[in-house]
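From first to last, the protein sequence lines are chains C and X. Here our numbering is used: the first residue of the first sequence is 2, the next is one more, and so on. Here our numbering is used: the first residue of the second sequence is 66, the next is one more, and so on.
These are computed hints drawn from the structure, not numbers from a lab. Treat the hints with care, since some could be wrong.
Stated by the list, open to error - In silico DSS-like cross-links for lysine-lysine, where the CA-CA straight-line distance does not exceed 30 Å:
| # | chain 1 | residue 1 | chain 2 | residue 2 |
| --- | --- | --- | --- | --- |
| 1 | C | 243 | X | 663 |
| 2 | X | 115 | X | 628 |
| 3 | X | 541 | C | 207 |
Stated by the list, open to error - So the derived list for chain C, only partly shown, Cβ under 7 Å to chain X, looks like this:
| # | residue |
| --- | --- |
| 4 | 42 |
| 5 | 89 |
| 6 | 97 |
| 7 | 101 |
| 8 | 104 |
| 9 | 108 |
| 10 | 182 |
| 11 | 183 |
| 12 | 184 |
| 13 | 204 |
| 14 | 206 |
In this text, a Cβ means the ideal position worked out from N, Cα and C, and glycines have one as well.
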Amino acid sequence: MSVDGRGYPDYIVILVLVCDYWIPFHAKMRNPTKPFPTTLSRMLAFLNAILTLNQLNQVVVIATGCNSCDYIYDSSKATNQSFGNGRMPTLCATLLQNLEEFMTRDEQLGKGEAEERIACSLLSGSLSMALCYIQRVFRSGSLHPQPRVPIDSCYIGAQNSAFLQQASYITSGVHHKPQQLDGLFQYLLTIFATDLHSRNFLQLPKPVGVDFRASCFCHKSTIDMSYICSVCLSIFCTRHKKCSTWGSVFAKGAADLKLMKDHGNGTDLRQG
Amino acid sequence: MSSGHVTKRAKYKTSIKDPGTPGALRLNEQKLMFMPDNRNSTTKLSVEFKSIQGHKYTKEGSNKPPLINLSNTQGGSYIFEFDSYSDLHVCRDFVSKILEKKSRDTSSVASEKAAVTLPDEQLSAAEMHLRIKLLQEDSELQNLHQQFVGGNILTEAEFWAARKKLLDRDSSRKSNQRVGFKSVMISEIRPLTDGRTNKVTFSLTPEIILQIFAEKPSVHRAFLNLVPNKMTEMEFWTKYCRAEYLNRTKNVHAAAAEAAEDEELALFLKEDDILATEVRKKIRRVDPTLDMEADEGDDYMHLPDHGIFRDGSKELNESQHELYRRTLLQDLNRHAAVVLEGRTVDVEMEDNTRAVAEALARSKQGNCGLKFSCKEGADGNESEERLDRMARATALEDLQPPHSLPLAPLSIKDARDYFDSQQVNALETSRDPSGKMESLGSLSTQEAYASVRDAISQIKAMGVSDPIINPEVALKVFNGLTHSISSIKYNHGKNPRESVLDRLPTATKEKLLQHWTCIQELLKHFWSSYPITTPYLYAKVTRLKDAMSNIYRQLEEMKASLKSDLRHQVSLLVRPMQQALDAAIQHHDADLQKRSAKSGGERPNGYV
Chain C
2 MSVDGRGYPD
12 YIVILVLVCD
22 YWIPFHAKMR
32 NPTKPFPTTL
42 SRMLAFLNAI
52 LTLNQLNQVV
62 VIATGCNSCD
72 YIYDSSKATN
82 QSFGNGRMPT
92 LCATLLQNLE
102 EFMTRDEQLG
112 KGEAEERIAC
122 SLLSGSLSMA
132 LCYIQRVFRS
142 GSLHPQPRVP
152 IDSCYIGAQN
162 SAFLQQASYI
172 TSGVHHKPQQ
182 LDGLFQYLLT
192 IFATDLHSRN
202 FLQLPKPVGV
212 DFRASCFCHK
222 STIDMSYICS
232 VCLSIFCTRH
242 KKCSTWGSVF
252 AKGAADLKLM
262 KDHGNGTDLR
272 QG
Chain X
66 MSSGHVTKRA
76 KYKTSIKDPG
86 TPGALRLNEQ
96 KLMFMPDNRN
106 STTKLSVEFK
116 SIQGHKYTKE
126 GSNKPPLINL
136 SNTQGGSYIF
146 EFDSYSDLHV
156 CRDFVSKILE
166 KKSRDTSSVA
176 SEKAAVTLPD
186 EQLSAAEMHL
196 RIKLLQEDSE
206 LQNLHQQFVG
216 GNILTEAEFW
226 AARKKLLDRD
236 SSRKSNQRVG
246 FKSVMISEIR
256 PLTDGRTNKV
266 TFSLTPEIIL
276 QIFAEKPSVH
286 RAFLNLVPNK
296 MTEMEFWTKY
306 CRAEYLNRTK
316 NVHAAAAEAA
326 EDEELALFLK
336 EDDILATEVR
346 KKIRRVDPTL
356 DMEADEGDDY
366 MHLPDHGIFR
376 DGSKELNESQ
386 HELYRRTLLQ
396 DLNRHAAVVL
406 EGRTVDVEME
416 DNTRAVAEAL
426 ARSKQGNCGL
436 KFSCKEGADG
446 NESEERLDRM
456 ARATALEDLQ
466 PPHSLPLAPL
476 SIKDARDYFD
486 SQQVNALETS
496 RDPSGKMESL
506 GSLSTQEAYA
516 SVRDAISQIK
526 AMGVSDPIIN
536 PEVALKVFNG
546 LTHSISSIKY
556 NHGKNPRESV
566 LDRLPTATKE
576 KLLQHWTCIQ
586 ELLKHFWSSY
596 PITTPYLYAK
606 VTRLKDAMSN
616 IYRQLEEMKA
626 SLKSDLRHQV
636 SLLVRPMQQA
646 LDAAIQHHDA
656 DLQKRSAKSG
666 GERPNGYV
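Given these sequences and hints, build the entire structure.
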């Protein structure tokens, strides 16, 4: 997943890449070709290519782990210090070093938790970090326009992500799910390396339609019919005793009305 | 009469021959009530005027006692005998006024759309008009209304209950626009001069008087003080007009002479002291700080050919009667200021000049509280204020507290933009669900972390893989992308925001959208009726379910009637609508079964 930012002129790209390395996902995959290292190397090549396209381009990488999110690389702050054996550009070396350290830290944070804990993605946290970074870059400049930040999403996996589809649609970004994983670099360079100026005349792939269905708050699955809290409009797929968003207790349902004639606290769980 | 009710002594008779029970009859706008004198009697009455149809009464001058006979809609009648004919007349007038109003309301409503109120719904005529106006403005709303309320699927109350926001918004738009002051200076009254009789006639209308009061506050004050205590209104205006005449002649000495004799005349001749104090206050509040930068461009003195050079030596000496000279410029400025302030008093509403003057005084008092913080204090206060103002003018930006951040306004989009995206869901469900995540085996978290670290060290050792991409794979990717982009372009059109809907013929599109809005409305009412607790809801739900089955059938018919090339697209669009309807009908049937199973045996009366 990547977040594009608008530089001062339209043809400059400030790319904030949010990589969701959700460990349980890798834990469940048993694919012998182990796509992770190749995905990583392709991503490194892609980032290099972005920096080559224009001298003023900037790249920032934020990694989302199991327990934390952090900045892995920032091209505007990079020094020219070269790691290791000089076999690869500074960008890759720095990034890999930082990534390794991040993984170690993340693992440390995860120690002590139960193995069977339901893991949830920290994508919202890293997206917030990305947006704050972009705002900071714009505020520090002499111009103070409201940046238009399109969110492009590249989904690698079996299913589809309604959330990313909606995010890309609403922010007029690009959403694409590559059909062939070994051609990932080509996809990245063709679709996601375009700057905002070029997008006016380039034909980028559009999804057939966007899945605008809501997801339930308890299981994050898309649903058509749900129970809704009448105050905060949180959506639940099954009947709950209290709203998980703000903790209010729901009134007794109609089935229980015969037993107790009590109409509750004014909050209601409605079906719809 | 202006009061809303009438109370009279009367005797209630059930027929003409009946001697009648004495008591008190009370009429107000909604109903009439009769309380007999004898509390134990059972002939208490309370009848709504809605059920009163007509009234008959005995004429004065005949030998009959004063009777009024009110007939109601069911054919019965209430007869009251009054003590005197004057009482009868009062009551009769009241009743006839109410009946007339009632007939006017009902006839105006009947002349509009058919059967809009229910007898148990108390609606004012204003609300009725509002609803009719809304229906006339929005044809879509009108269609829905006709279909549902006209087709007896929903009641009027239910239909409008979901649209309270529309009704509220309209009712607040009722303010009338008031006409302001004219820019013509009508306060500059010119008299008609009659050369023969040497008479000069001034004519003052209430409008002119209001302007005079607004522009000359000292005259206003004098009026409030002097009339009617010291002099009549006529005398006041005579004096005022005399002062105006003297001013017009520009004969300063004559003005001074007359002013010396007549105190009140002097009031009108010299300058307005209230205005003067106000101006002085304003001068004191002028910002003494200087914007040096901006001022540099204003230096007209040292540039040649700019500005007018003023030679003070040519000025005339001030005469001792300077007080009585009034300039056109002062009057013009004052008039302009008053016009711009706007009108606060409506002359039509006030009966006489005194009332106008008082109304103006009241409004000024209100304004004074709002506009100026009239701090008349010692000079100490004034200088404090000045220092405060200077501090404000020289504010340092970086020492300011942070400004509140601008909020992005909430943008709620039209639901129709998302209409055609529903077909994605249809496509997804139609695809076979074999693309689920492969949950084959599982590594533990530790192993996962270890594998990631291995991968990283592998890349570090070997460098980024070379070649980064296989040329055949790259070609395949390109072809795939091109194909998908062109096929989407073919299906959906070049415009990225163009929707599938636009490619259908107009008639089909309209029908589809109409069906969709109907279905939304039905589903809204349907789901809000659950859980069913009263028989009323039960009946409503049954009606809604019938309507939904009806629409379902209509959708099927529409699909069948289309040409084959459109049929696939339309069926994709229609499918989510049908799914929603199916879900609702299913729920209804399930609920029905549950109910009948639960109350299979005993069924208390009326409980559904």
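Ascending list of hint numbers which this structure does not respect:
Hints 2 and 10 contradicted; others consistent.
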